[in-house]
Each structure stands twice: as structure tokens, then as C-alpha cells.
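Chemist: If you want the building blocks of each chain, they are given just below.
Number of protein chains: 2
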Amino acid sequence: MPVSPSLAARIVGIADPGDPRVADYRDIRDRDLVARGGFIAEGTVVLDHLLRSTRFRPTSLFLLKSRVAGLDARLSRVPPDVPIYVAERPVMDQVAGFAVHRGVLAHAMDRRAGDAPGGTGADTDRDAGEPRDLQGFLESSRRKGGPLVVAIGLANHDNVGAIFRNAAAFGASGVVLDATSCHPLYRKAIRVAVGTSLTLPFHHGAPADAIVERLEASGHHPLALSPRGRRRLAEMTGKPGLALVLGSEGGGLPERLMRRAETVRIEMAPGIDSLNVATAAAIVLARLYSAA
Amino acid sequence: MPVSPSLAARIVGIADPGDPRVADYRDIRDRDLVARGGFIAEGTVVLDHLLRSTRFRPTSLFLLKSRVAGLDARLSRVPPDVPIYVAERPVMDQVAGFAVHRGVLAHAMDRRAGDAPGGTGADTDRDAGEPRDLQGFLESSRRKGGPLVVAIGLANHDNVGAIFRNAAAFGASGVVLDATSCHPLYRKAIRVAVGTSLTLPFHHGAPADAIVERLEASGHHPLALSPRGRRRLAEMTGKPGLALVLGSEGGGLPERLMRRAETVRIEMAPGIDSLNVATAAAIVLARLYSAA
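One line per chain: the protein sequences are A and B, in this order.
Here UniProt numbering is used: the first residue of the first sequence is 1, the next is one more, and so on.
Here UniProt numbering is used: the first residue of the second sequence is 1, the next is one more, and so on.
With the rest of the complex left out, here is chain A (with noise of 0.2 Å):
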């Protein structure tokens, strides 16, 4: 398949690994980037939400030179001051520090990165098209329907991203995630989420009684998720501002959370009492779904 005339003309070859227009492919690092308010996606259906996303864009592509005749179309929504580097593949690899299975990488930016920290502008950021403080988080959620799904002590990269995948299936309003949970824009995270937190809005980075506090305040009804919950799964009806609070398997919830507010369990057979969280929390989602 030949290449668009118009594809060509904005393809950057890069031959040598050491180039430093792909510095931000360079051995990959969450962390570094993260911190920078920046992240990789891998893949063409990642690639797909970041071109939908109100508050992410990407700032370059890195191709696998045998896979761009192939990506014409969706190329062509690559806004165009955004380069598209192309190399074979022991160049990407070597690059990349790991073997690019899929040969499709995207470096991308929050809209609000950069920003002076602490916001001395307005604090809803019209590009990004969410607010970006908790409080502002939690009322805009609210106001959206759907649940809200909050995760507390998730540092597991595959229970983060699949608490996305499975908060998007069954229409949540918005995933908070507390400081000791996991950043769901790492590499591992965006791919077991198939691409979903960069297009279903999330908090990162509260301390988790900040949450807990403002839930209730920004007109949330809390529901814990836990295998001591006092009511059934199978007596629960859906209502609005239902927000789904997750915890680790091994740290639970905070003590308060779980006097203060409902809680649920999903019933098992005997001598279990545990299930994935993210598992744990499509059953409760996909009920609260099915039954509204």
C-alpha cells in the first residue's frame, strides 16, 4: 500500500538512535515524564483516544516504518504541527529501550502542564474541558450522572488501567484516584486500559481523607466496595451521584469510610473472599448499569 502524497511530505526518518528529536522516546520512563505532564501511548487504538481527547495532545509520533502505509488514514488526523518520526525497527527499539511490539508510540502533553502550579489563572482549564481541582472535579462528575469510581492505595498499574477499561464499559462519569494509588497515564496503565484515561476524565493525586471528605459534600453517596460489606450486591439499586470506592486488597479502606458510608459486597462461594478489584468493580458497575 503506497503512502499518501500528503502523508510523505510530514514523515521525519530518523536513522540514528541517538537523534534528538526522539529524546522522548529515549528508555521510556514513566515517572520522568509523568512528572514533565507527559506520557507515552503505544498502539493504534490508544493512539484513537488521545486524537479524541479534550485535555491531552500529542506532541509527536514515533512510527515503525513498515506500519505507516497502513495508518494513512488516522495519520491524517495527526493535527499537523505535530511530527511523525519514522525508523526500521532495531532503531526504534534502541530508542525505545524495550522491543516495540506494535511500532505505533505517541508522546502527548496535558493541555494543563506548564501551568503555574497552583493555578493563578481560572481554575477550569478551557482547553482541557475539566476542572482541574478535586472540589471542581467532584461537582462537574456529579453534575455528568453515571457513577463516579474512586480508588484508594491502587499502586498496581493493571488494576489502574483495567479500572478504567471497565469504569468506561458501564458509563462512569469520571475515575478519582487518591496520591497512593498508581498515575494512570503510565505506559503499562494507558495499554491495559485500551486507551480509556485519556478520554474518561480522572483526578490524580489527593490524599485520600481529602476525598473522602469532599465526596459527600459535592453531593456523592459513597459505596465501599468490600467483602465485609454489610448489604448484598444483588439488593442494590442504582441512584445518582453513586460513588464507587475501591481500596487495595491487601490495605482495605480507611476505617472512616467505611463507617460513614454504605457498604456492598459481592457474594462468593465458601472459603473465597477475595476478587481482582478491578474484576470486583465491573460486577458493581455492570449491575448498577444494567439496573438503571
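You may find that some hints are simply not true.
Any copy will do: because identical chains look the same in the list, a pair fits if it lies in one copy or spans two.
Said to hold, decoys possible - Pairs of lysine to any residue, SDA-like flavour, derived with a Cα cap of 25 Å:
1. LYS239 x PRO270
2. LYS144 x VAL78
3. LYS188 x ALA15
4. LYS239 x ALA269
5. LYS144 x SER274
6. LYS144 x LEU64
Derived from the structure by calculation, the hints contain no laboratory data.
Please build the complex by placing chain B on the supplied structure of chain A, with the hints as guidance.
Modeler: Just chain B, lined up with the frame of chain A:
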């Protein structure tokens, strides 16, 4: 914590990574182990399942020295003819060929392994407690009650492991995996299954067509899970002999099955067309379990 004298007497120290007594743990290759009817169990929870299993028996344990004292009670349940090898971390990691974070490994065998292929003896292995041929397995599963879970073309170890964990959580009678699905005793699958693959009966290796054909002959009602399913999950009620059939996200299920079986879909938000297969299975099994 001191080690009890009875345990101390059983411990065999390993100082040389080349020691032939720990050959089963050397550069662990799932494929080779499973071809011989063996596998490696990792971590204490998986070890507990192994010690409860009727089908599998440990042939040896290999532990990090620092873990031994804390495992005293558990190790007293290990049959007395099973050697307990102990090493310092550098030796253990060098033998295994990876960093054994948990410091707890066991090599185990299927009690059926080593019998003449084709079986000159009885088709039901008294030690193993379950029939080894597909027809017998399906009939036994049908008598037990609880849904059967059938996996076709599931090559991902995480997904297969998670399917076992979810099947066990919701009272499934067993799991059937076709020949193109990955073996549930690969180390990573056992870990994600949290050991349930050692206690929940399974049959692996029959061709998909034979499975589809024999499901009905054994009195099962196949229920194929697919985004194209004709019925909504919310309309479903459980019935005895249900066999939940799962296909890969890419390949889907055989057309013959989709035509003949009852088919069900999980309703999702617009624009989302799939869930992780193990998550989708959990949603269906949880509903059948709570509706039973």
C-alpha cells in the same frame, strides 16, 4: 522466630546453584515442565492450594532461607517424603533464572503423569479424583452442579489465570480449555489464578469442535458470551448444566457454536464494544451465582 526441630531435620541446604537436587527449578521453562506433567507453584497461597489438591502433589519445595521460620505451621502439612530445599537469595535467583521475590517455590506433578498414554487402566484416576477424558470430565462436572466454564482460543496466561480465579469465586464446577488455549499450569497463570487452578477441576487440550459437540451430549446448555449475543445478561437466569463459553477478544467463537448455542451479551456504554474476557466472565458468573 526459631525453626522447630522436626522442620529443621527435614531441611536440605543448597549452596551451589549447580546442585542437581534443584534441577527442577533451573531456568524455569513452563513448556518443558508441563510437557512432563510438572509445574512450579510460587508463593504461600498457591502452596496452600497445592497442599489441598487431590490431583497434584508436591515433589519438592525450594525456599529462601529467611522465609523458613515464618512457614513452620504450613510446612508441617507437607508430606514427609517431600524434600525441602533452602538457599540464600543469590543462589535461589541464579537457579530459577529470575528474581524469586516471594522466596517460596514448589515443584509439583500431576498424579496422572507417567501413566501410559491412552490409558490401559481405568479412565478415572482414583488418586486424582476426576476423570481424565473429556466426556467423563463433562459428565462429572454436570453432576456436580454449578456452571462449567469453557475457554476456546485463550492464549493469554493472565486471562486464563483470571478465569480460574473468577470461576472458583462463583462456584463453577470446572474449567475446560481447548488445545489452542494456554495451559493453566504455566507459572504466571497459576499466580494470577491465586492457585485456584490446583483445586478447581480442569480439562485442557481437546479440539474446540470436540468440546462443542460433547457439551450437549453430556447434558450441558452452552451459553456463548459475545458482544453479538442475542440476549441481554440482565434477562438471564441460571439453570442447571449451564456451560459459559468464552472466546478470544480477537478470534471470537466458532460459528457453529454461535448458531447453535444460546448467546448472551453484556450491555455496555455506547462506543465500547468489549471487556477483558476474564472480566466479562466474572460479570456473568456473579450474576448467575447471585440469581441461583
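Chemist: Decide, hint by hint, whether the structure agrees.
Modeler: Now the hints, each set against the structure:
| no. | hint | in the structure |
| --- | --- | --- |
| 1 | LYS239 x PRO270 | between (30 Å within a copy, 20 Å between copies) |
| 2 | LYS144 x VAL78 | neither (29 Å within a copy, 56 Å between copies) |
| 3 | LYS188 x ALA15 | neither (27 Å within a copy, 37 Å between copies) |
| 4 | LYS239 x ALA269 | between (28 Å within a copy, 17 Å between copies) |
| 5 | LYS144 x SER274 | between (31 Å within a copy, 23 Å between copies) |
| 6 | LYS144 x LEU64 | neither (40 Å within a copy, 52 Å between copies) |
When held up to the earlier numbered hints, the structure conflicts with 2, 3 and 6 and fits the remainder.
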